[in-house]
Amino acid sequence: MSFFKKLKTKITGQTDSVTGKFRDGLSKTRQSFSSKVNNLVKRYRKVDEDFFEELEEILIGADVGVNTVMDLIERLKDEARTRNIKETEDLKEVIVEVLSGMLTASEGDTALRMNDNGMTVILVVGVNGVGKTTTIGKLAYKFKEEGKSVMLAAGDTFRAGAIDQLEVWGERASVDVIKHSEGSDPAAVVYDAITSAKSRKADVLICDTAGRLQNKVNLMKELEKVKRVITRELPDAPHEVLLVLDATTGQNALNQAKIFRDATDVTGIILTKLDGTAKGGIVLAIRHELDLPVKFIGLGEGIHDLQPFDSDAFVYGLFAEMFQPQEEEAD
Amino acid sequence: MAFESLADRLQETIKKIRGKGKVSEADVKQMTREVRLALLEADVNFKVVKDLINRIKERAIGQEVLKSLTPGQQVIKVVQEELTELMGGEQSKINLSPKPPTVVMLVGLQGAGKTTTTGKLANFVRKQHNKCPLLVAGDVYRPAAIKQLETLGQQLTMPVFSMGDKESPVTIAKEAVAKAKEDHNDIVFIDTAGRLHVDENLMEELEQIKSVTKPDEIFLVVDAMTGQDAVNVAESFNEHLGLTGVILTKLDGDTRGGAALSVKAVTGTPIKFVGLGEKLDALEAFHPERMASRILGMGDVLTLIEKAQATVDEDKAKEMEKKMRTMSFTFDDFLEQLGQVRTMGPLEDLLAMMPGANKMKGMKNLQVDDKKIGQIEAIIRSMTPKEKAEPDIINASRKKRIAVGSGTSIQEVNRLLKQFKDMKKMMKQMMGSGKGKKKKNPFNLPFM
Chain D
1 MSFFKKLKTK ITGQTDSVTG KFRDGLSKTR QSFSSKVNNL VKRYRKVDED
51 FFEELEEILI GADVGVNTVM DLIERLKDEA RTRNIKETED LKEVIVEVLS
101 GMLTASEGDT ALRMNDNGMT VILVVGVNGV GKTTTIGKLA YKFKEEGKSV
151 MLAAGDTFRA GAIDQLEVWG ERASVDVIKH SEGSDPAAVV YDAITSAKSR
201 KADVLICDTA GRLQNKVNLM KELEKVKRVI TRELPDAPHE VLLVLDATTG
251 QNALNQAKIF RDATDVTGII LTKLDGTAKG GIVLAIRHEL DLPVKFIGLG
301 EGIHDLQPFD SDAFVYGLFA EMFQPQEEEA D
Chain U
1001 MAFESLADRL QETIKKIRGK GKVSEADVKQ MTREVRLALL EADVNFKVVK
1051 DLINRIKERA IGQEVLKSLT PGQQVIKVVQ EELTELMGGE QSKINLSPKP
1101 PTVVMLVGLQ GAGKTTTTGK LANFVRKQHN KCPLLVAGDV YRPAAIKQLE
1151 TLGQQLTMPV FSMGDKESPV TIAKEAVAKA KEDHNDIVFI DTAGRLHVDE
1201 NLMEELEQIK SVTKPDEIFL VVDAMTGQDA VNVAESFNEH LGLTGVILTK
1251 LDGDTRGGAA LSVKAVTGTP IKFVGLGEKL DALEAFHPER MASRILGMGD
1301 VLTLIEKAQA TVDEDKAKEM EKKMRTMSFT FDDFLEQLGQ VRTMGPLEDL
1351 LAMMPGANKM KGMKNLQVDD KKIGQIEAII RSMTPKEKAE PDIINASRKK
1401 RIAVGSGTSI QEVNRLLKQF KDMKKMMKQM MGSGKGKKKK NPFNLPFM
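First to last, the sequence lines map onto chains D and U.
Every letter in the first sequence is one number past the one before it in the numbering used here, and letter 20, counting from 1, is 20.
Every letter in the second sequence is one number past the one before it in the numbering used here, and letter 98, counting from 1, is 1098.
To be clear, the hints were calculated from the coordinates, so they are not data collected in a lab.
Treat the hints with care, since some could be wrong.
To be verified - Straight-line Cα separation of at most 25 Å, BS3-like style, residue types lysine-lysine; simulated pairs:
(1) Lys1428/U / Lys1322/U
(2) Lys77/D / Lys1400/U
(3) Lys1371/U / Lys221/D
(4) Lys225/D / Lys1372/U
(5) Lys92/D / Lys1047/U
(6) Lys46/D / Lys1050/U
(7) Lys1099/U / Lys1057/U
(8) Lys1322/U / Lys216/D
Since this is a predicted model, take the numbers as computed values, not measurements.
Using the sequences plus the hints, can you model the full thing?
This is the structure we're talking about:
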């Protein structure tokens, strides 16, 4: 009980809109995941092998990934043993605790690393169709709201219509977009963008890049070059290299994170489309297997639909339905 | 997370069983567990895995596996057969309407690759069926989606029907079909906006498009990297629209693509095409047995063979063989062979298709250098016809000329000459009435 209460107070301290967004966006996740856990708890009274097996299935069904699930189950078994838990009802809290612990254990800084004296450069990378350009639009708007001057570099010179897409987002957020024509060298675009952002004394420059599958060596090299150009022009930059991951993606997301990290020193992850997919389990796997913090999550197509990642809120979203019956009891 | 291939893992299990002399039920359980893990790692939905495992268990416990001398191979064979069967036959045909225009609708989640696939599919149909397609820009929500399709239309020199982003997609689709009739376009491809399968309003919009255009085909475009959720997505789209086929995109990535199994299992509709790159001709027919191998992490030998068959001229190959046998193989022949290997695609892609290639020591970081092949070609092209036919006449001054002519160095010319000589020697051994010793690596090409 105590854990839920703690979490609840922590959450209620936050603005309703944030929690509301998590709840709306994650409602699908919540329904399927926690209703399954609830179901499970109801069906099995005793904590035994069958129970763990089914729990394992639920987690795998949430894209957590086999390795992480095995670890999790081991941990839960240990906890059950040491705390002498026999009833599944009592294990429920332990499940939440362990999951939340896993998310917060390796918590890096979820806030963006900003350059305090000068321009902050953010490079956005990822495979095709994860929502890089949309995310940049949302990020630009966020910075703009904070009163910063923002510029965008249209570094996706490959996909048809990508530059126009970024320009539309630029208009929506009313920020300037530096672009070349389709098919030009992305490194050159980024170079130009840095030069003009410097002369206009912009606070933040966000560089878009073309989506690329991580096994395309040449394209990954191109990305390394883009990053090199940034560092050459501004020694501390890029201050953030954000990898955009589609939450619908299965185990390949780990490959993506690994290879992009090796190529461009990714500093954080933005997990998109969490409003759609029924599961957010991939977050657990990412936290577990890689030392990369999730910094933002995307919860829709609107310009406001980007939220800083908050593991407590995330867990609350996942398990909100598990809290409710207890609240009612308390009332 | 180095994933061991299923074959390796099964081998381990089998090793343990071997010593026992008798295979227990627990051993079978252990084997099926490995299979289960492999399928889950490949993102096959766990429910689909469950059904599969039950069927595999039945067959595995049956005679065919345990009595075999190579139970490990047998298990894999059974698994592969089951996967192939589940994924169905090859059906890469588009149902063409007897009364044109044929209407094809593409639907799916955001970022699955609908717009790109629309372009590829239209290109494919134009080539294969000699059709005259009209592309319809029905994605009025995503910024610049219309522009994207228009650009693709330009690249393909195909007409694109668009009414801007102010009209409803239903109206656009309806008008487009009318326009196609007017302009004698015999096939219409409707690109739709990406949407969540749980978004009731947008799903209803698709139903409306369906009811006004009466499409002959409704394809669900699915990202091959999709995880467990693929079943929910496919199920929901299928319930709303009654899909007629599935197109799997981004298969040129390194995902195992278990989503293919999941989608097929829940919709029952055939997977018709796969997307293999960003270029507009990177669309291929779906081959279930290859997909099965891929999901099991066993490489794609068939594609490799097919690629070779498609690019290597049979007559030429025979001629080459004769030349090798009679030892009249010259630099000209070598050049031709290089050209043939090259037209098969980037060497890295070819290597990636070879089973175990990614596990071989040294192969992982080996990047076959297309540039280096270019260099070799340049050296050969800088030779005179006589030099090509009789490399023995190449002396120091000729070497110098060749190096300058090809923009390389004398050392590089020397290296190539030596390699060519070795190659000929090896051919002699291989052809020499089968008596020749087996070399460790018979394909010691200079660029590998």
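Comparing the hints with the structure gives:
no., hint, verdict
1, Lys1428/U / Lys1322/U, "holds (12 Å)"
2, Lys77/D / Lys1400/U, "violated (74 Å)"
3, Lys1371/U / Lys221/D, "holds (15 Å)"
4, Lys225/D / Lys1372/U, "holds (22 Å)"
5, Lys92/D / Lys1047/U, "holds (24 Å)"
6, Lys46/D / Lys1050/U, "holds (24 Å)"
7, Lys1099/U / Lys1057/U, "violated (49 Å)"
8, Lys1322/U / Lys216/D, "violated (38 Å)"
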